[in-house]
Every structure is written in C-alpha cells, then in structure tokens.
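The lines below spell out each chain.
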Amino acid sequence: MNLGAQMNTDGPGSLRLVMTLAIAGLISGIAIIGIYESTLPTITANKARELREAVFKVLPGVSEMQQLVYRDGQLIPTEERRKDEQAVYGGYDREGDFVGYAIPAAGPGFQDTIGLLYGYTPQRKQVLGMEVLESRETPGLGDKIYKDADFVGSFSQLSIDPNIIAVKKGTKSRPNEIDAITGATISSKAVVRIINEAHVEWSVRLPLPGAEPPLREAENASAGDSP
Amino acid sequence: MKKNESYEEFIKGIWRDNPVFVQVLGMCPMLAVTNSAINAIAMGMATFFVLVGSSFLVSSFRSWIPKQVRISCFIIIIATFVTVADYTLLALVPKVHKELGAFIPLIVANCMILGRQEAFSSRYPVRLAVMDAIGMAGGFLLALFSLGAIREILGDGALFGFDLFGENFEPWVIMILPPGGFLTLGVILLFFNWFRFKKDEFLAEVAAAERGGN
Amino acid sequence: MDNLAWIFISALLVNNFVLTYFLGLCPFLGVSNSLETSARLGLATTFVMLVTALCAWVLNTYVLIYAPYLRLICFIVVIASTVQFIEMLIKKLSPALFRAMGIFLPLITTNCAILGLAIFATNRGYGFVEGIVYALGAGIGFTLALVLLAGLREESELSNIPRLMKGTAMNLIIAGVLSMAFMGFAGLFSSA
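Chains as they are written, first to last, in my numbering: chain A, 582 to 808; chain B, 17 to 230; chain C, -15 to 176.
What you were told as hints is all true, and nothing was included just to trick you.
Below are the DSSO-like pairs computed for lysine-lysine, each with C-alpha atoms no more than 27 Å apart in a straight line: (1) B:LYS28 <-> C:LYS150; (2) C:LYS150 <-> B:LYS215; (3) B:LYS114 <-> A:LYS628.
Simulated coverage check for chain A against chain B, where a stretch passes if three residues somewhere in it have a Cβ under 8 Å from a Cβ of chain B: (4) 594 to 602; (5) 611 to 618; (6) 720 to 729.
Worth flagging that the hints you see were computed from the coordinates, not collected in a lab.
We put the CB at the ideal spot given by N, CA and C, even for glycine.
Chain A on its own, in the form it takes in the complex (with noise of 0.2 Å):
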C-alpha cells in the first residue's frame, strides 16, 4: 500500500513534469503507430473490397474495374486522387469492353446527407443500377430507399434522358419514370434529385460515348484478387 508515493509536498520541478508528459506522449506515440500500421492493410483491403461490391453491383456484368479521375477536363485512369479531385469508377466486362460508369454523389435526404453509388451507360443514356452507401434516413420509413427492393430493383435499364422523375407509385408511365415509395415519397425524391443533379454535373465530363479510356492493362495484372 505505497499510497503516499505521488504526494510530493515541495512539487517536482518542471523538468520532470515536462519528462513525464513527453514520456507519456512517446510511449502513446509508439502505440498508436503500431496499431495503425497493424491494421493498415486489412482496413485497406476492407474499403477496397467494399468499394467492388457496390460497383459490381451497380454495373452488372461487369467483372474489372478502375478508378477514373477527372483532371484537366478529361478522365485519367490513375489510383492516385488529390483531395479536391472528382473521380468515377469505370466498369468493364470479361473481354475488357467498357460498360458503363459507376457515378459516386450525394445530397440532402429528409434527416442527414444520402451518399449513393450509380452505375450510368451513356450509350443508352441509362442508369443500370443504384446503392445507397450512406445514409440515416427515418427507420422503417425512409430507409426503404435502401431495404425496398422494387424501389432499388427499379434503376435498373432506368432512361435518364434528359433526368429521372418520381411519379405516385403505381402511375409510371415513360422510361424515365420510377414509382416513389409510398410513405418515403421525400426520400424517394431526394434520391431521384441526388442523381440527376449528379447527372447534369458529369454528363458534360464524360467523354463521347465510344471514347471511353480503355482498361489499364497493368492494373488487369495486378489486379489478383478478381473473382
């Protein structure tokens, strides 16, 4: 019971004070690294294979996939992005042929931001798929954005020429027109909103169609891991 050790009554000077703290920071330092670097690939690896599950689900049939940037007025195939870069992730099939664009955007939906992932052919000037990545909509309600699979399933072959309307469920009626969810019809809206203001932004990005840039044919290589 060495209870009274710490009670110094003439106070150590400030050096040991200044001792313990640094101590204590380059002992946490230490610490906090090694977890960090521990766990670094495996965290990598996570987003990473998060990440080809929305695209691949977004874009179906496709089986490769790589990270466009927009820079310069065109998109560059890169890994590398600077924080204040856009970029897209193309989709390409089993022959290496461009499908389509996996378009990430978000926006205000009825309590906080949506973040969602749409996978865009601008051959057809359709949006092929749609996955909510992020979002902390009303349960029960608005989260049908996500759980209702009509909902979900109806992006699919949608036209978004020129934009996406939601109309009352059941009165569907053109290509370009998706049934709100009855219930959820402001969180319906919000997504439909999210993707064509998306849309306006980067259909003026994306080069013609036919000019997509090819698949890098060393990210092919190095990409192992594919199914």
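Position chains B and C relative to chain A; hints supplied.
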C-alpha cells in the same frame, strides 16, 4: 478479507453506483448508439477495454505521475486506448464500426472514464483499481445493453436482428429514433427512483417498528 | 451557397447536437436550471466551437494529412490548449466578458460536443468556410436546446410534480419530447 474488498469494488459498479442509472454519467455519446442491442454491446465492449486498460496503467504508474500533470497524462493514456479500440473495430468489424461511426472517438469525452482515474485508479493499488474498473465498465455495459435491447425490441420488434413478434407487430419506430433514447432512459431512472423510495420507506418502517418494540 | 445554408440548418435544427446526437448532455442536464446561465453557457460554447472548427481545419490541412492516426490526440491537446490560451487572453483584455462566459470555458473544453464537432466536420470533409458555418449552426443549435430546456424547467419548478419524477428522470423525458418536436424539422431541405 482481501477477497471481499475486491468483490466490493466490483459489485458497487454493477448495481449500487451504476454509472448510468445511478450516477447518470457518461451518457453523452452513449444514448446515440443504443438504438440496437448489437451496437450497444459493441460500444460497451470498447468502453470496457478503454476503462480497464487505462485504470490498470494509471494505477501502475500512479507513483511516477506528478500531481500537476496528472490530468494530461490520464487523457493521453485514455486517448491512446480509444485510438487502439477505434482501429481494431475498423479492421475486425467494419459494419459495426460504420454504425457507431464518429461515436467511438467520443469515448474519450466520456466523463465516467476520466472520473474513475481521478477518483479511484490514481489512489489505489492495481488489483483494486482493476476490479473497480471492471465493475464500473460492466455496469456501464449492462446499462447500455438494457437500453439497446429495450429500444430494439419496442422500436423494431426484434432482438439482435431476430424477429420476435411476427408480422402483426407494428414497430414503435420512435423508440429507435433519438427521442426514444431520452424517453427510455427517463423511464428507467423513474424505476430506479421508485425502487430507492420503496427501500427508504421500508427502512423507515423497520426503524419505527424497532423503536415501537423497545 | 445552397450547400452552406443546408449545412447551417442541418446542424441547427434537423440534426441538433443535443437533441439528435446526444452530445453535450452533461451541461444540458446539469446547468440548464436557469435561463440566464443557459444562455451564457450557450454563448461560450458557440465561441469555443468556432475556435474548434478553426483548429480542426488547420490541423487537418497541415498536420494530419501526414499522420492521420494522431487525429484524436491532436484534437484534444490542441483544442484544450487553444481554449486555455484564449481564456487567459479574455481575462486580460475584458474582465466583463470573462465574468460573463470565462468561468465556463475550461468546463466546455471537456464537453463531448466540442470534440464531436471536430470529428464530424473532419469525417464530412468540410473545408474552412463550411467548417465555420457548421460550428455556428451547431453552437446556436446547442444554445437553443439549452435555453428551451431551461425555460421548461423554470416553469416546472412552480408546478406540482410527483416526487418520483423530480430531477434527472423528468428532465430526460422533457428532452425526449423536445427531441420529438425537433423531428418535425426533418425534410426541410429535401422537400423544397
């Protein structure tokens, strides 16, 4: 005697001085993640790890840490454990980490953890400090789990994602939304108040009876 | 512009720090027994949040891109010392201002709402202007929630409440009802 002492430190955190239900501490980031039982357990485990780890270190080094910089040292130790917990959860269970999100770093700001270091670990030997931390963290985990389970059962009709009531149950959605957190904790505190009043009344009755008997 | 307005309203009403994120509950339940104290605490918190947003931006831009794993420790240490420094500055420059909000400053630094603000702003990748607007919204939202609760508590002091309900239990239930009222703000932007 020694065994009793450790047991005493352990049990007080679980029930008599339960950090959430009795002391009403450390709720800040906690109510937000108790919308399902599994999230509550993940958060409780992370807090458990941080509290027990920091208590062990603080108690071990208590004679080397000068009094003037003790709070800074405590915070550095706690923040290190939280960072470790954060990265471990991110690597092992990315889905749970996504749900808890920004609330894991906020364990640092949990007043209960710093409070235990200041009030207990920095004054008592390692064995007692660790028992105290396990008791407090266990009580905290228990409290989080009850909140999470109640909110998930009422708000989603399920527990750990398994449907409990079948198709006819209309989920009480408000319970998994933020107001449900306030209301559930409020009602549980009401129950604890009621329990305490009953106990006081009972003790008063016993005392009166004894006086009458004499 | 539209984006900044959404950030502000979102932090102020739709995703109010206290009523939907449960941040800063300790002062929310502890201090909110008088209107005046609450207003002053709210003001001081808003101020510290602005300082925090500034610190977080500087750290994120110049330090943490090289060492992301030091984020938590950096935030805590830098925010605490900056606030302490400002506290000394205010004490020197304006004793009146110090009396109004100075005593709260050290208390606020350990408040989870402050750290929460820094972490949320980082996670959302906010730039300088966005960060400041976010801090302003969050701070005013915090003040709003605090003042509302204090007002209700002052009223309830005079009413006849069952003995069981008195104290934290009733405050939490009041907060729950307030939180329900704030849910009505959801969809403010997306329905437009």
